[in-house]
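Protein chains: 2
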Amino acid sequence: MLDKALSYANENRGRFLAELKEVLTIPSISTDPDHNPDMQQAAEWMASQLRSLGMDNVQIMPTGGHPVVYGEWMGAGKSAPTVMIYGHYDVQPPDPLELWTTPPFEPSVRGENLYARGAADMKGQVLASLKAVESVMRSGTMPVNIKWLIEGEEEIGSDHLDDFIKNHKELLACEFCLNPDAGILGEDLPSITTGLRGLAYFELRVYGPVKDLHSGLFGGTVHNPAQALMELVAGMHDKNGKVTLPGFYDKVRKISKKEHRDFLRLPMNKKSLLEMTGVPALWGEPQFIPSERIGGRPTLEVNGLLSGFTGTGSKTVLPAWAMAKISCRLVPDQTPEETIKQMKKYLKEKAPKDIKWELEYLHGAGPALTSTDNPGVRALSQAMESVWGKRPLFPREGGSIGVVVQLQKHLKADSVLSGFALPDCDAHSPNEKLHLPTFYKGIDTLIHFFYNLK
Amino acid sequence: MLDKALSYANENRGRFLAELKEVLTIPSISTDPDHNPDMQQAAEWMASQLRSLGMDNVQIMPTGGHPVVYGEWMGAGKSAPTVMIYGHYDVQPPDPLELWTTPPFEPSVRGENLYARGAADMKGQVLASLKAVESVMRSGTMPVNIKWLIEGEEEIGSDHLDDFIKNHKELLACEFCLNPDAGILGEDLPSITTGLRGLAYFELRVYGPVKDLHSGLFGGTVHNPAQALMELVAGMHDKNGKVTLPGFYDKVRKISKKEHRDFLRLPMNKKSLLEMTGVPALWGEPQFIPSERIGGRPTLEVNGLLSGFTGTGSKTVLPAWAMAKISCRLVPDQTPEETIKQMKKYLKEKAPKDIKWELEYLHGAGPALTSTDNPGVRALSQAMESVWGKRPLFPREGGSIGVVVQLQKHLKADSVLSGFALPDCDAHSPNEKLHLPTFYKGIDTLIHFFYNLK
Chain A
48 MLDKALSYAN ENRGRFLAEL KEVLTIPSIS TDPDHNPDMQ QAAEWMASQL RSLGMDNVQI
108 MPTGGHPVVY GEWMGAGKSA PTVMIYGHYD VQPPDPLELW TTPPFEPSVR GENLYARGAA
168 DMKGQVLASL KAVESVMRSG TMPVNIKWLI EGEEEIGSDH LDDFIKNHKE LLACEFCLNP
228 DAGILGEDLP SITTGLRGLA YFELRVYGPV KDLHSGLFGG TVHNPAQALM ELVAGMHDKN
288 GKVTLPGFYD KVRKISKKEH RDFLRLPMNK KSLLEMTGVP ALWGEPQFIP SERIGGRPTL
348 EVNGLLSGFT GTGSKTVLPA WAMAKISCRL VPDQTPEETI KQMKKYLKEK APKDIKWELE
408 YLHGAGPALT STDNPGVRAL SQAMESVWGK RPLFPREGGS IGVVVQLQKH LKADSVLSGF
468 ALPDCDAHSP NEKLHLPTFY KGIDTLIHFF YNLK
Chain B
48 MLDKALSYAN ENRGRFLAEL KEVLTIPSIS TDPDHNPDMQ QAAEWMASQL RSLGMDNVQI
108 MPTGGHPVVY GEWMGAGKSA PTVMIYGHYD VQPPDPLELW TTPPFEPSVR GENLYARGAA
168 DMKGQVLASL KAVESVMRSG TMPVNIKWLI EGEEEIGSDH LDDFIKNHKE LLACEFCLNP
228 DAGILGEDLP SITTGLRGLA YFELRVYGPV KDLHSGLFGG TVHNPAQALM ELVAGMHDKN
288 GKVTLPGFYD KVRKISKKEH RDFLRLPMNK KSLLEMTGVP ALWGEPQFIP SERIGGRPTL
348 EVNGLLSGFT GTGSKTVLPA WAMAKISCRL VPDQTPEETI KQMKKYLKEK APKDIKWELE
408 YLHGAGPALT STDNPGVRAL SQAMESVWGK RPLFPREGGS IGVVVQLQKH LKADSVLSGF
468 ALPDCDAHSP NEKLHLPTFY KGIDTLIHFF YNLK
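Note that the protein sequences, when read in sequence, are chains A and B.
First residue of the first sequence: 48, per this note's numbering; consecutive thereafter.
First residue of the second sequence: 48, per this note's numbering; consecutive thereafter.
The following block holds chain A by itself, in its conformation from the complex (with noise of 0.2 Å):
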């Protein structure tokens, strides 16, 4: 059945491709309301693809915001594991759209690359799935029950997840669930992450005169509040990278020596960052190695600012008002509310009196590590030494996914992290790209995955 279930994938292959495309066209941006009918569409067509699988149950069920995709198959009786399968529908907005080389939802493949936002984060992931699971159910049977929880919000935090899985616990109750949001480290290095970072997502807004100035006539009188912001800001690093926010340090777990050795064996170095990024010179604590940076250390980061006149040439203004978005990344023990505190105490501590601020708390997640016992994990990384003949690694990223936390909190549901998108893949930037080659081997890993947990 395995091999049956193998050729079935192989065969597929151009068909598994094109409906990628088709949902790849479909503008899903969470973020802004614009969207909200090619967000309905996007439901709509996972919805289908789950119906046309042989999924029971299927239904779009609301939220406080975007719906979520449900449906499963219990045909492995009760004395079957019940595997989640989790995935989102949304993506990041593409801008800047200039530096597409084709449009972001006009799907192209070049060379070994299909490009378009949301290949990689995370459609192309949800139709490895679905897919793996497809050449399962038409080769035999599934020896496990499966669920299905796809959002529409996990680019926005999601937010209205936490209350959807609080309300919905007996419907969503699961062994553990399969998130394949993560990611692995090379197209030669199949992981499976078993640590997350936590977020925290602000907006702080710094207010000055009730309208922009003439920089001349009132320049030398005002405290202008695109300087005071970057004032407040930049003091929020101290010379050696490290977060001023008062207590912000003051849970973070330390790291061993024995995750000491582990950040030391994965492929994020000096010389892999700097190729991947550009930079002149790495940045960040002393102290730490990249890799105990990006995984095991909290961060601050600028995420956007805006202020003034910001066009082409000059306008002598004096701005009425300067904004700065800023997202705080966490690990165990950090939680997102206590930063929240943290932000605000600091803001008060240096906000000088001559300007007013107003900090938004946009949304966040608390940091996350799953058992390299958990059951899914073992099958996971079987499926993987079966596909790449090695064993994975078993990195601590640095990204946020909020509903490992919120499956952990309300389900005891741990998350089995991983994926089948490169570093380099583009994810929330332009030209996003899904690299089709570890795409297959996904399927095929998903499909070893199923059998393993017979």
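If you are wondering where the hints come from, they were derived from the structure by calculation, not from laboratory data.
Computed from a predicted model, the values in this text were never measured in an experiment.
Please note: incorrect hints may appear among the correct ones.
Identical copies carry no separate label here, and so any pair may be met within one copy or between two of them.
Said to hold, decoys possible - Result set (DSSO-like, lysine-lysine): computed pairs, CA atoms no more than 27 Å apart in a straight line:
{"id": "1", "residue 1": "K392", "residue 2": "K286"}
{"id": "2", "residue 1": "K437", "residue 2": "K318"}
{"id": "3", "residue 1": "K286", "residue 2": "K397"}
{"id": "4", "residue 1": "K286", "residue 2": "K391"}
{"id": "5", "residue 1": "K397", "residue 2": "K289"}
{"id": "6", "residue 1": "K395", "residue 2": "K459"}
{"id": "7", "residue 1": "K317", "residue 2": "K403"}
{"id": "8", "residue 1": "K258", "residue 2": "K400"}
{"id": "9", "residue 1": "K318", "residue 2": "K258"}
{"id": "10", "residue 1": "K318", "residue 2": "K403"}
{"id": "11", "residue 1": "K289", "residue 2": "K304"}
{"id": "12", "residue 1": "K125", "residue 2": "K305"}
{"id": "13", "residue 1": "K286", "residue 2": "K400"}
Position chain B against the provided structure of chain A, taking the given hints into account.
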């Protein structure tokens, strides 16, 4: 003849306003190449006004940028003085558009004010000059020779005007230049500006990774360019509001005791500035009074900021670049050339090695002072006394007017700086307005001015 001219002006107010509204509908935004056709239309409108006044030799003369409108009337003869009248037909960009009550290029009278981009800065002032000359010429003869110099690049630094004046020294030769671009200090506070700050306008760009990165996957190992920019620009002021560019204050002329007394007489004080700006508290060098900080001290202002994701919602991006528009206001004896060197020196000393930076100098002008003994200043001072019933004040102001420096340099002609725009006119801001009663007083004042020059 004076009375006849004043009556003429009074009787024709309705038509003057209609003509002003007409020119205010032209969006002559010099900084935006998309508006080049509007620039041409505004220049033609000015030339047609000069012709209808009976000016000779009216020409739209090319420069390296937007053209200059020239016209002259030399009928007063060689023994009479020649007065240049300066104006500019370009305006600032109108954004942010959403803050305008009525559209910026659809002039609208509400109460005593006319609202439109350019109403105060400075199409209204050019109209007042045109209509004063018209009133005098239609009521007898003009006692002085007149030359008009109406440029199209004031709002972008008058860069090409410098060459234009240098190349047309004979054509433009004059005793002094009436420049009504400076405004007065209040509805009941006529004033002639005897000092102006200079300007050096920069765009600073900081580059980090070759493309936007996922802040989770790379954050902690790459110096975020938005953060690096903030660190650099925040460091351009110390805690007391002093600019830290090396040598910035070396050439700044000390404010004498007499000048300090003049500054004290000005109505620009803590109370008025708090009212006009709406800030919670003033800011600036504590050892100087507010009017000195504006008129007698140099500044460095952030005019614009842009980096990363600035739309609604969140995007967890580590941006590839960040940009700040920064301008310095200069006082005697600073020069833009030295300021460029100081800015470069600062950046070379302070910029970290893990980012790249680019500094572009966009434009600038030196600072200027005019004596209260200038015959034009005396004639205008008497005219103001006739119309307002009080002697004007003689402030030194914070704005920058490139042509003032250029006329002094090439023609040895000082500028008589005044005008009829009020401090709350919102030049460069949304809802720019011209106070119409003061505009009409301005026409009367200039009629007196010409007869005072006899």
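These are the hints, each one checked on the structure:
For a Cα distance limit of 27 Å, the shortest separation of K392 from K286 qualifies both inside one copy, at 21 Å, and across copies, at 21 Å. Within a single copy, K437 and K318 get their C-alpha atoms as close as 24 Å, which meets the 27 Å cut-off; across copies the closest is 75 Å, which misses it. Within a single copy, K286 and K397 get their C-alpha atoms as close as 17 Å, and across copies as close as 12 Å, so both meet the 27 Å cut-off. Taking the shortest Cα distances, K286 and K391 sit within 27 Å of each other both inside one copy (22 Å) and across copies (22 Å).
Proximity of K397 to K289 under the C-alpha cut-off of 27 Å is found in both arrangements, the shortest distances being 17 Å within a copy and 19 Å between copies. Taking CA atoms no more than 27 Å apart as the test, K395 paired with K459 passes in neither setting, with 38 Å inside one copy and 54 Å between copies. For the identical chains of this complex, K317 and K403 are inter-copy neighbours only, at 18 Å across copies versus 41 Å inside a copy, given an alpha-carbon limit of 27 Å. Only within a single protomer do K258 and K400 lie at most 27 Å apart by alpha-carbon distance; the minimum there is 18 Å, versus 37 Å between protomers.
Within a single copy, K318 and K258 get their C-alpha atoms only as close as 48 Å, which misses the 27 Å cut-off; across copies the closest is 17 Å, which meets it. Taking the shortest Cα distances, K318 and K403 sit within 27 Å of each other only across copies (19 Å), while inside one copy they are farther apart (44 Å). Taking the shortest Cα distances, K289 and K304 sit within 27 Å of each other inside one copy (22 Å), while across copies they are farther apart (48 Å). Taking identical chains as interchangeable, the C-alpha atoms of K125 and K305 are never at most 27 Å apart, the minima being 39 Å within one chain and 96 Å between chains.
Taking identical chains as interchangeable, the C-alpha atoms of K286 and K400 lie at most 27 Å apart whether they share a chain (25 Å) or sit on different chains (13 Å).
Hint violations for this structure: numbers 6 and 12, all remaining hints satisfied.
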